[in-house]
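*Asks:* Based on these hints, arrange chain B on the given structure of chain A.
Now for the letters of each chain:
Protein chains: 2
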Amino acid sequence: MHRTVIIGGGFGGLYAARALKHENLSVTLVDRRNFHLFQPLLYQVATGALSPGEIASPLRVLLRKQKNAQVLLADAVDLDVTGRRVILDKGDVPYDSLVVAAGARHFYFGHEDSWEPVAPGLKSLEDATRIRHKILYAFEAAEREPDPEARRRWLTFVIVGAGPTGVELAGALAEIATDSLRHDFRSIHPEESRILLLDALPRVLTAFPESLSAAAERQLVHLGVRVIPSVRVTAIDADGVTYSTATSTERIEAHTVLWAAGVKPSPWGEILSRRVGAELDRVGRVKVNPDLTIPGHPEILVVGDLAYLEQNGVALPGIAPVAMQEGRYAASVILNRLRSRPVKPFSYFDKGYLAVVGRNSGVGIIGGVKVHGFIAWFVWLFVHLMYLAEALNRALVFLRWGYQYVTFYRGARLITGDDDPPTTLK
Amino acid sequence: MHRTVIIGGGFGGLYAARALKHENLSVTLVDRRNFHLFQPLLYQVATGALSPGEIASPLRVLLRKQKNAQVLLADAVDLDVTGRRVILDKGDVPYDSLVVAAGARHFYFGHEDSWEPVAPGLKSLEDATRIRHKILYAFEAAEREPDPEARRRWLTFVIVGAGPTGVELAGALAEIATDSLRHDFRSIHPEESRILLLDALPRVLTAFPESLSAAAERQLVHLGVRVIPSVRVTAIDADGVTYSTATSTERIEAHTVLWAAGVKPSPWGEILSRRVGAELDRVGRVKVNPDLTIPGHPEILVVGDLAYLEQNGVALPGIAPVAMQEGRYAASVILNRLRSRPVKPFSYFDKGYLAVVGRNSGVGIIGGVKVHGFIAWFVWLFVHLMYLAEALNRALVFLRWGYQYVTFYRGARLITGDDDPPTTLK
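Protein chains in written order, with the numbering used here: chain A, 13 to 438; chain B, 13 to 438.
So that you can see chain A by itself, here it is in the shape it has in the complex (with noise of 0.2 Å):
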C-alpha cells in the first residue's frame, strides 16, 4: 500500500490527512505534540480569554475514524532521501509520498539570545501562557509597588510588530486594562497602562489595503493603543525597549515587551535543502513548484508556512486558509498521481481576510468587499467558531465568548508556571 507521511499537524499537515481519508493508502502523521493547535485564536489565550484547551485537539481524536490514519509523537528530525525515510527522534518511518507541512516560528532578526527570554512571541501554547503570565503578572507587580515611577514601567506594555497578532494582541490589552481588570486592584488603576504598538512599516496591517489600515489603526487610538510607525528597534531588555527613528532614537521603559514581528520557517527548510537540495526564499522558506512538489522530487511535497509559492506574482501569505487548502491539495496530487491523473496546479482561492481589533471592531476584506468595525468583528467570530475542530470547543468557546462579552470578564485569568514569580522579574 501507497505510504504517505505528513509532517507536522497543524492546518496544513492536517487537512492534507483528512484529504486522504477514503483512499487506499496508508497515512502516519508526525507531530512532535499531541494535539492539533488553532493558532489564529493564540492571541485569546494569551490574554486570558480562553483556555489553552479550548483551542488544542488531540490529533488522535480528530483523526480517530480514519482507519487509514496513525499519529506519531515523535520529532521528525531528519531525512534519508535514497531509503524515502523519515528519521525520528528514535527509529524513523518509511514513506512512498511525503508532506513537509513543518510551519514556522518567531524570528529575532538575530537577536534570538538576547530579545527572546525578554521579548516572549506567539506560535505554541507554551507561549501564549508565558505571555498571559507576563501580562498579569505586570499589574499584580504593579499593585504592589510603592514607587510611581517602577509602577509605571510594570503598567507599560509594548507591542512589537503591527501585523494581525500585533494589533489583536494590542486591541486586547487595551480591552483587559480599561474593563477587565478596571474593579479588580484597590492600589492601582489599571486604565492608565500605556499600550504601544510599534512597526517598521509606515502602517500598521500593511497585507490589507490602506483604508483598512487607517480604520483599523482608529479603531486602537479609540481604544487607548498608542501606535508608533516606521521606527526600527535596536534593544530590548527586561526594563524596556530603545527604537531609532529617522532622526532620533528613543526609549520606553517597561517590563512587559511582546514580539509579534518577524517570523522564520521550520529547520526543514534547511533539512530539505542539505538533502534534496531545495530552493529557499531569503527567510528560508521553500521554493515550491506551482504542484507543491519540490523540483526533481515529486514525491515531497511542501505545504503551508514552510512553502514559498508566488500566485499573480505575489507570495502566498502563511495563513491558515492557505495551508488548509494548500494541504487539501497535498493530498489531490497524491491521488491524481496514483491514478496516473494530470495534476493541475495549485491555485490559491482568496475568501477573504480578517483582523479583529477589539470588542465590536476590526477590519477584513470579504468576498472582495471591505468592511470594518462591527461587520468584520461579527464575521472574525463566527469563522472562528466555525472553523474549530471540534463541536465541544465550538461550545466551550461560545459559551465564554457570550459571556464575556456581556460581562467583559476574561476567565482563564491564571497565572501559572514554573518559574511563579518569574525571578527575573522580582
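Hint data in this document are derived by calculation from the structure and do not stem from the laboratory. Backbone N, C-alpha and C define an ideal beta-carbon position, used for all residues, glycine too. Please note that a few of the clues may not be correct.
Calculated pairs, DSBU-like style, for lysine-lysine (alpha carbon to alpha carbon, straight line, at most 35 Å) [claimed, not checked]:
1. B:K33 / B:K102
2. B:K382 / B:K102
3. B:K135 / A:K102
4. B:K79 / B:K102
5. B:K299 / B:K79
6. A:K135 / B:K102
7. A:K135 / B:K135
8. A:K33 / A:K79
Reference listing, derived: stretches of chain B covered by chain A, where coverage requires no fewer than 3 residues with Cβ under 8 Å from a Cβ of chain A [to be verified]:
9. 41-47
10. 70-81
11. 190-199
12. 230-242
13. 352-366
*Replies:* Frame of chain A, contents of chain B only:
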C-alpha cells in the same frame, strides 16, 4: 481600622475573607498564586477531563465586590510577632489579626529528593498538568515502542496511596484506558493497561467505614484496577516501584508512578513554632485552641490543613468542608473579639463525606447514611458543581461533564510543558 491579614487563598483563607465582607475592618489576602484552586477537582485536570482554568478562579475576581478586601500576589515568608507584621518576599504587611491558612503539600517520608522527580503528587495546577503529561505521554511512547516488554512498562500505572485522591486517580485512569482512548491508537490496545493501587494500610479509603471501603474496592476491581493493600513502598525510580509485604519484596516495572500517599503542612507550621512557640503535631500541623487561636496569641488563628484540632477525640481531617467552616469561624472569632462578645469553641458540622470511583460509582456518607454506586456519584457531581466558585466555571464544567458522560470523551488531553517530550522518558 482593624487590619486582618490572611495568608493563603484556599478554602480556609477565601471563606474567612468573604465572611468579613460587610464589616468595618480591612482584609488583606496574601497568596503566591493569583487564583483560588478548587482542589477536589484537581484529579480531573490530571486525567484530562477538565482544563486548568475551569477549576481555578482569580482571587481578585472572587473578592472584586468586597470593598474592604485587598489581594496581594506575594510570598509570605516570615512573621515579626512583636511588630505584628507578616514579612513578604518584598516588603511586609502589618496586622491586628492574622489568619494563617497556608495549607499543605505532599510528603515523601524523607524520600523527597529521589521520589518526587519520578512520582509526582497532586496538590497544584502544575502538578496536575505534569501528571496529565506523564499519563498521556506513556500511551504515546507505548504506541511507538516495538518491544513488548518495554511497551508493557509504558502501559503499567502505579498509584501509591489509596485515599480519596489515589482512588479517584486509579478510577479515572481505568476509564481512560478502557473507554476514552479505546479507538485512538493503532499499534497498542490501551485497554491492556495495568493500573495498580498500593497502600500501606489493609484497605482503601480508611477514613470510611469498612463496608464502604469494601464497596469502593469492588468498584475499582470492576473497573480493572488491581488493589494491593498492606505494603510498604521501599524504592521508586523511573522504571518502577519496589515494595515489601509482610513476607516478601516485590518489584513492579512501570514508567508512570503517581504519589497520593503523604501530606505535609506548609512551612508556616515551622514559622509559627519558631516565632510564637506554637506546638506542632507529628506531621507538622499547628495544635490550636478550640477557638483556632494559638495558645498565648489570641490574635493569630490557624485554619484548614495546617491546623490540628481534635473533636470527640478524633483529629479533624484535611478536607475542604473543614477548611471552609474553619475559615468562616475564624472570621467570627475576630468580629466577636472586636465587639467584646464571648466566643464559642469551633464545632465542625459534618454534612457528609464522598469519594468518587468512576462513572456512576462512588461511596459516601450523606447526613449519616451510607451510600454507594450511582447515588454517591451523582451527589458528588452535584455538590462539586455547586461549590465551584464562579458561575462561568460551573457552566463550563457542566458542559464538559455532560459531553463526557455521553461520549466518554476527555477533551483536555494536552501534553504541554517545557519538558515535552520529557527527556527522562525518552
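*Asks:* Would the pair K382 of chain B and K102 of chain B pass a check requiring their Cα atoms to be no farther apart than 35 Å?
*Replies:* Roughly 50 Å between the alpha carbons, so the hint for K382 of chain B and K102 of chain B is violated.
*Asks:* Three residues minimum, CB to CB under 8 Å: does the segment 352-366 of chain B make the cut for coverage by chain A? Let me know.
*Replies:* violated (count 0)
*Asks:* Taken at face value, is the distance from the CA of K102 of chain B to the CA of K79 of chain B at most 35 Å?
*Replies:* The hint holds at about 24 Å.
*Asks:* If you draw a straight line from the CA of K135 of chain A to the CA of K135 of chain B, is it 35 Å or shorter?
*Replies:* 29 Å, holds
*Asks:* Is K135 of chain A within 35 Å of K102 of chain B, Cα to Cα?
*Replies:* Distance ~33 Å between K135 of chain A and K102 of chain B Cα, so the pair holds.
*Asks:* Between the segment 41-47 of chain B and chain A, see if three or more residues pass the 8 Å beta-carbon test, and mark the coverage as holds or violated.
*Replies:* Contact hint for the segment 41-47 of chain B vs chain A: holds, 4 residues under 8 Å.
*Asks:* Checking one constraint from the list: CA of K299 of chain B to CA of K79 of chain B, max 35 Å. Satisfied?
*Replies:* At roughly 33 Å apart (the allowed maximum being 35 Å), K79 of chain B and K299 of chain B satisfy the hint.
*Asks:* Test coverage of the segment 230-242 of chain B by chain A using CB-CB distances below 8 Å; three residues minimum.
*Replies:* As far as the segment 230-242 of chain B goes, the hint is violated, because 0 residues have Cβ atoms under 8 Å from chain A.
*Asks:* Within 35 Å, alpha carbon to alpha carbon, are K135 of chain B and K102 of chain A?
*Replies:* 33 Å, holds
*Asks:* Can the segment 70-81 of chain B be counted as covered by chain A under the rule of three residues or more with Cβ-Cβ separation shorter than 8 Å?
*Replies:* holds (count 5)
*Asks:* If you look at each residue in the segment 190-199 of chain B, do at least three have a Cβ nearer than 8 Å to any Cβ of chain A?
*Replies:* This one holds; 6 residues, not fewer than the three required, reach chain A with a Cβ under 8 Å.
*Asks:* Verify the proposed pairing of K33 of chain B with K102 of chain B, using a straight-line Cα cut of 35 Å.
*Replies:* 27 Å, holds
Hints 2, 12 and 13 from the list above are not met by this structure, while the remaining hints are.
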